[in-house]
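Participant: Chain by chain, the residues:
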Amino acid sequence: MQFRLEKRAEPSKAMLYLTPIGAVLLTALVGAIIFSLIGYDGVRAVREIFVTPILNPLKWQDLAVKSAPLIIIAVGLAIGYRANVWNIGAEGQYILGGLAGTGVALLTRDFSGPWILPLMIVAGMVGGMSWAFLPALLRTRLQVNEILTSLMLTYVAIQLLNYLVIGPWKDPMGFGFPQTRMFTADQLLPHIIPGTIVHMGVPIAVVVALAAWFVMSRLVFGYQIKVVGSAPNAARYGGFSVNRTIWMALLTSGALAGLAGVLEVAGPFGRMVPSFPTNYGFTAIIVAFLGRLHPIGIIFAGLAMAVAVVGGEVAQTTIQLPAAAVGIFQSMMLFFLLASDLLVRYRVRMVGSNRVEVTP
Amino acid sequence: MLPRLELRGITKRFPGVLANDNVSFAVKPGEIHALLGENGAGKSTLVKMIYGIMQPDSGEIYWDGARVTVANPKAARRLGIGMVFQHFSLFEALTVLENIALGMDAKIPGRELEARIRAVMTKYGLLLDPHRTVATLSVGERQRIEIVRALLLDPKLLIMDEPTSVLTPQEVEQLFGVLRTLAGQGCSILYISHKLHEIKALCDTATILRGGKLVDTCDPKVETSRSMAEKMIGAGLKDIVRGADRIMGPPKLVVTKLSTLKLGHFDVPVDDVSFTVRAGEIFGIAGVAGNGQNALLDALSGEVHGGDSHSVTLDGHPLGLLDTTGRRKHGLCAVPEERNGHAAVGDFSLSDNTVLTARDRLGMVVLGLINSGAAKTYTGQVIAEFAVKALGPGAMAGSLSGGNLQKYIMGREIMQKPTVLVVSQPTWGVDAGAAAAIHQALVDLAATGSAIVVISQDLDELRALSDTLAVINMGRLSSARPTADFSVEEIGLLMGGVHGVDEVIDAIPA
Amino acid sequence: MNMDLVVPIIITLIGASTPILIAALGELVVEKSGVLNLGVEGMMLIGAVVAFAVTYTTGNPWLGILLAAAASAAASMIFAFLTLSLSANQVATGLALTIFGTGFSALFGQAYTGKPISIFRSIFPEALATHPLWRLVFGHSPLVYFSLLLVVAVWWFLKKTRAGLILRAVGENDLSAHSIGYSVIGVRYAAVAFGGAMAGIGGSCFPLLLTPQWAERLTAGRGWIALALVVFAAWRPFRLFGGAYLFGLVMTIELYTKASGGTGGVPSEFWAALPYLATIAVLVLISLRRSGHSAAPACLGKPFLPTN
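Protein chains in written order, with this note's numbering: chain A, 1 to 360; chain B, 1 to 510; chain C, 1 to 308.
Hints are supplied without guarantee of correctness; some may be wrong.
[Unchecked claim] Calculated cross-link-like contacts (lysine to aspartate or glutamate; reagent style DMTMM-like; alpha-carbon spacing at most 25 Å):
#1 B:Lys389 with B:Glu337
#2 B:Lys389 with A:Glu6
#3 C:Lys302 with B:Asp347
#4 B:Lys195 with B:Glu338
#5 B:Lys389 with B:Asp347
#6 A:Lys170 with C:Glu269
Source of the hints: derived by calculation from the structure; they are not laboratory data.
Turn these sequences into a full structure, and let the hints steer you where they fit.
Facilitator: Quick look at the structure:
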């Protein structure tokens, strides 16, 4: 007996939706085994990471707040990945979004009014776009790989952030701490549920995902993205400019990462600090894949990943699991998902061996 | 005499297809044996099993009378089987010598190998510089590498898979010379083709496959081309039906001094091409692959812009600076050679593929919003009209067979009623039934007054289809003349790029 | 010029260049076989933490290097299995491998934070390296000599051996190599394993050569720079050597300006960002010079999907 893979005539829809769930379950199972082997209470680790945040209502607001930036960034990245544009520098674009928003906040300290926050948000999106501008320019003009440029710019963004909060933007009343002043009331995101930490960013994330769904499934723009990603020659034949599509994909994902950045700095952080980069930009890459690059899938994937992030924090305090463990869970999830992709495209058949013996 | 190779009851099944059904035949030493059949008849699958690339599901292979299992190509070469593929297994960035070294199983020092290569080349008149990079060679030269590679192993059986589809008539004659010499020395040759006149000229025996089954083994010298064709296709041949007394209308497509830029390192651009196609006319462009056909199609369709708006005009409207969408709006539609990935997106449904080229001419987009219902309806009409075998408008383009996908693509363009249609290789790799249907559709479209350009490497197709013919060589187009005025020899010389021929032909009184 | 000043600078330069050079040479071989493994950074981190842990525990840096190579090669097999056997997307899988390596090294290294090891010094007797100029010849860690030998070895392998020819053939046209009868998947597995081992050894340079203590994300993006260098070098080992030393120079400038405190009004963050900006600049330069066609292996990053 042996196994044989047969290509499906059409990708299996059922497998497309089932495999992400399977990947999460497998990650929990294998994670429990691995963490037991290296001397932690593996079952408890998995329970704290994957179950506690869901069962404990006090953690729900955390889930909402943590999933919002992940969803916003991942929706943008997914649009790029659909076009075969590999922006992996969302972390840098997120930082720039936060910095641009902070810049506007610092300039408008002496003003008040409802126009300040929208201005910050626009600035944040432009900031994110600015960091995607160079990769887009280099990719379309000179065929420079956007993977490397967007990633390199992330390191540059971190240094820019350090420079600003240690240097010109440092809070003069901050006892020498490298951080900016606290934002004013007009510069902070309103909380939508009183008594919780759930801020405007959460509904914005849902709206962004729904809008992206409409754009990708119904508009020529979405069609163009998908054609360029699947078959660039066919796109050219169909009258779509590949370069223009790369521009749009990179600027859109940059703008959304920047949006997430400004929402974070005007929400949970309330000021710019050196610890602002929290890996959302990288985690969102996993979210995008786990959500099958589909905006609605990304909402669920963002929630699932937020569970792991919040659970990781829980496990740090309850069973002293290091923060890095969450990274291992996340990468395992992605490994299992990528492995299970095979089931979407192929079906596994068992066949009997019927080889003729060699008689030369 | 024991047969060199004998197949008994070979059967191979793929999901949904019986590729070979109980096939048995034998090849004698020194015999040139044709394996004849349409695309999809199972010829390629059969030789892949002889060469060890695939294993039969059942059946037996005998070599010099002994039963063998050919586990892989290496085992095949050990037995003395050489193969020259239709699609060359060459490495463009490597040299001729490196390419040949890769095909050798034994480790031979570079210098010794080079000496042996030169010996074989001289013996058979297959001259090549071993240190040239393959990417700089013509298609005919590339085939020589494959043949030299196979001959270095002193094969007792040489399999040639559709070797002439990329050659000029002169190169074909040269190849036949080599093959006859080889056969004279006792090497058996299994010659795969669907070109009947070649088989009549070259082969001693012909085995005909149809739908995976062996139909007949016959002597091609006594058969007629028509009788073999009917065995191959299984029914009486259908001829193209043309309306009598067709009159060409006014000029529709006028191309003037069209040139394109050299894009890639190995790209052949279009160089100063001019021609006119009238309403109702089918204009054929012949040429060996890689002589600028793709650049020409892209320059006509609008994928590549010319520098001058008047280089391409339709009914006098300058189109030279418009992209494909702009040209389609003016009525110029095109079908590139590569179906999957260029003319259609494999992992999109047929309905979504319709949006690719028909969205503007048929109003499928309103304010940026795609009307998927309209796309579905039109796709359904194309499927019905062109007898596309597909599950429906929702079927993935990549799941269709080559012929069916081509019928869909041709249908998608033709049913938009283009004023000008430019197609490249309309029936490449398509079975005879579908090819006939596509030819008929093109003729019918021309009859309604559209101007049609057919770019093809298949001379038989062009001679049957086109009213006017020109030949492209290294990006330059010969002067055009009525197809009937060309002899095969003239076309062959032009395809081979013989200088001065244009003038010679012009001097011949028409 | 004062010899006592220049020689340490050159030695710093060599030290900064060595890890990138080794990792990039490994990736060069991987890419020549047609595979794009973006997991270099993650594999370097795994190598770094394993080298540190083993050297700290056993006191034997040789064993540390060996196990670092083995661990990173093992990690690269996850990538190989997913992309080669299951034909998963190479970009996504490489990213996952980097995230995995980052998490693994942080978790595994936690126990070693703040513990010191000693630098893996020259194997030659001290007496040979008394004069500054002799130090330039005999004063290096074995890792440095290894990296230089590796440049020649990789060049010789690719250009002069049959195995190297087969590897290049697989990267140029996998379907043809398959149809001739070579095991595309087998060759690529071997190449990926080699690339993993080299990334591990490159990673081991960080604790053994540069900073003899453990810190999270010790490699600070050097794996990504190594990837960029392969493009910069147009897949040629000797150009890769030049590129790696160019980057070593940029990083040495950063170190010395920081150490001397005299940044001339330029913020230190600028110097910290310089290697990454230089990477982008180099990518731009190389694409400006490239005329029309790319030197990249034709099958780079594409999954191998035989039709039968």
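Participant: If a hint holds in the structure, say so; if it does not, say that too.
Facilitator: Outcome of the hint check:
Among the hinted pairs, Lys389 of chain B with Glu337 of chain B is consistent with the structure: their alpha-carbon atoms are about 21 Å apart, no more than 25 Å. The hinted pair formed by Lys389 of chain B and Glu6 of chain A meets the criterion: a straight-line CA distance of about 21 Å does not exceed 25 Å. Under the criterion of a C-alpha separation no larger than 25 Å, the hint pairing Lys302 of chain C with Asp347 of chain B is consistent with the structure, at around 17 Å. With a C-alpha separation of about 22 Å, the suggested pairing of Lys195 of chain B with Glu338 of chain B holds against the 25 Å cut-off.
The hinted pair formed by Lys389 of chain B and Asp347 of chain B meets the criterion: a straight-line CA distance of about 17 Å does not exceed 25 Å. Note on Lys170 of chain A and Glu269 of chain C: the hinted pairing holds, with a Cα-Cα distance of about 15 Å set against a maximum of 25 Å.
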